[in-house]
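K.L.:
Chain order of the listed sequences is H and D. So the first sequence is numbered by numbering that gives the first Met the number 0: it starts at 0 and just counts up by one. So the second sequence is numbered by numbering that gives the first Met the number 0: it starts at 0 and just counts up by one.
In case anyone wonders, no lab produced these hints; they're calculated from the structure. Treat the hints loosely; a few may be bogus.
Stated by the list, open to error - Examples of chain H residues lying across from chain D (beta carbon under 10 angstroms, computed): (1) 41; (2) 45; (3) 49; (4) 55; (5) 75; (6) 90.
Computed from a predicted model, the values in this text were never measured in an experiment. Glycine residues also receive a C-beta, built at the ideal position from the N, C-alpha and C atoms.
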Amino acid sequence: MNEILSKEKSIYIQISEMIENDILRDILLEEEKVPSTNDLAKIYTINPATAAKGVNILVDSGVLYKKRGIGMFVSSGAKKLIMKRRKAEFYENYVRAIVEEAKNLGMTKEDLIKMIEEAE
Amino acid sequence: MSTLECKGIVKKFGSNEVLHGIDLTLEQGKIYGLIGRNGAGKTTLLSIASGQNPATKGEITVDNLKVWDNQDALDKICFSRELNITAGNQGVGGLKVKDYLKAAQTYFPNYDKALEARLIKEFELDVKKRLSKLSKGMLSMVTIIVALASRAPYTFFDEPVAGLDVVARETFYKIALEEFAESGRTFVISTHIIEEAADIFEEVLFLDTGQIILKENTQELVERVVHVSGKEEDVDAICEGRKVYHVEKIGRSKAATVMLEPGEELKNTPDVTVQPMNLQQIFVAMCGKEA
Chain H
0 MNEILSKEKS
10 IYIQISEMIE
20 NDILRDILLE
30 EEKVPSTNDL
40 AKIYTINPAT
50 AAKGVNILVD
60 SGVLYKKRGI
70 GMFVSSGAKK
80 LIMKRRKAEF
90 YENYVRAIVE
100 EAKNLGMTKE
110 DLIKMIEEAE
Chain D
0 MSTLECKGIV
10 KKFGSNEVLH
20 GIDLTLEQGK
30 IYGLIGRNGA
40 GKTTLLSIAS
50 GQNPATKGEI
60 TVDNLKVWDN
70 QDALDKICFS
80 RELNITAGNQ
90 GVGGLKVKDY
100 LKAAQTYFPN
110 YDKALEARLI
120 KEFELDVKKR
130 LSKLSKGMLS
140 MVTIIVALAS
150 RAPYTFFDEP
160 VAGLDVVARE
170 TFYKIALEEF
180 AESGRTFVIS
190 THIIEEAADI
200 FEEVLFLDTG
210 QIILKENTQE
220 LVERVVHVSG
230 KEEDVDAICE
240 GRKVYHVEKI
250 GRSKAATVML
260 EPGEELKNTP
270 DVTVQPMNLQ
280 QIFVAMCGKE
290 A
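Just chain D, same shape as in the assembly:
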């Protein structure tokens, strides 16, 4: 099976180490959600994994081909970066959307013009406009169009829905799923809008301060992590010997986020309330600040 592998990826900017030895295997035909706080290193990781930036240490391979400076490997990967256009028409900002798309397609051997045309229509994007005249949401549409139309086996989306209205976000999820079903490509999608995208991720990756702290099947994770609350000693008894995150205490009452063993079930008792948690709540419990 085709895989993309990151081995021991370290990235330093000067003396500032932002990725601390990341090991990660992405399998073909899966949709991964990459979730992390601002500054966690998501964009850095994706740009290194796609060969756009060098790693300080470590190696990326796709189907055992080194990615760095290797066109055969690079042809299999698309990383559609967030477009940050500065005011005025300097640089990329001065390009019309259609010229930007024309330039982008030269990087991808499988680029699909028909899919591009369909997406332009679905998003009602005016391709004659200059990038500098587009809103944040419209710039996101441009990056989505490049990513989907690239037809690259490994495609990374960097906050594709940032600035998109709710209807356009829904359009993106549907078309991405459709393309995924047809092609069996691998998608990595980073996002801060966790809950609405949770159901399309087969697996989630939590990136916290330069480390992957979790890689799990989304549905299984949501089933395994519960919120337990009650009198302190009763909650402590349940926490004993289990992985526990984010403990809160109010008077005699205590609450904790608890990871159960696969298949294990914890029922409500008269003493302790056990509640399911959604992906966003789990992320906050694992990567948020301790109270």
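The following block holds chain H by itself, in its conformation from the complex:
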């Protein structure tokens, strides 16, 4: 929860990604309570409604769940869930774009695979 907000993306998306990163890095553990929206608002100097929007994305995707009157908690299996979704996003946002650009540059499939191997 110590990253800083950038201007590149919507604030609430950054909030949800930061919580996810903390889960992936074991800063927040499964079945552990996450900071309240008021805490997040104060830490990042943002409106609590915006913080809540970021948290709610994670509730909708099952990464967090709500205990009534207590707060938000990390679901068990959250890490696996995040990885799975990020892989799908990686394919949509990067892999497809790479393939598209490789075509534009007149590269063959073999050229592209060679390039990827070189990058490793």
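Fit chain D to the supplied structure of chain H, relying on the hints for placement.
P.N.:
Here is chain D on its own, set in the frame of chain H:
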């Protein structure tokens, strides 16, 4: 739910009409950003909405109580004006900070002395000084202290961060958010330092030459307004049928600020570059001068 409503507010100074029929509903438990150029009418609007000045036409109500000349309604509103102290010790300028605060608290039934003390400490303000001896930033601190400590359900801040250094501004935003979270009060904050305050506003109000031209959820607005640039005909094709602001042309190239429908997404294409805009850029596009 508690609301403060402005209905058809017109304000004239002599023959000069500065507010042209403003309709505005403020809901309890929200932080609003009021943004407008110098002379747009921000201070006039806030002083009328708080019952400190009469409107030429129209009506203000808070929870259906008329605000004008009605103590029950006035108790719910605090408008902490910018302090403009003329040189010398005449009038308010001769008061010490602590005496000014003592006088201010008599106006607010929920005034919180403990919060006042905490803010004085956070801002490291010397309360024994006379107002006339304070810098612009220190005067802003005094207005912030009154506004926050008033604990009024509807609190209006008139350029609270004017003259404050960056650390004091950050302190203000944090304490305002903390107080907001605890109390669920409604804050209206006018400011010219748009970008750093943008994230604390749930909604923004753009006031342009005496009219509210926009009232939107800040995050949604920033998502919906994009900068589109490319060859003139390609940009024109995108502008077609959409709300367009601030068009610029250089040779064959054209750029425009475009408002999309809620949820609509516009992707970069080989012909057209679509870029996100921040609140300040959106404000300039909507309220700036046409090139």
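K.L.:
Any hints from earlier that this structure breaks? Give me their numbers in increasing order, please.
P.N.:
4, 5, 6
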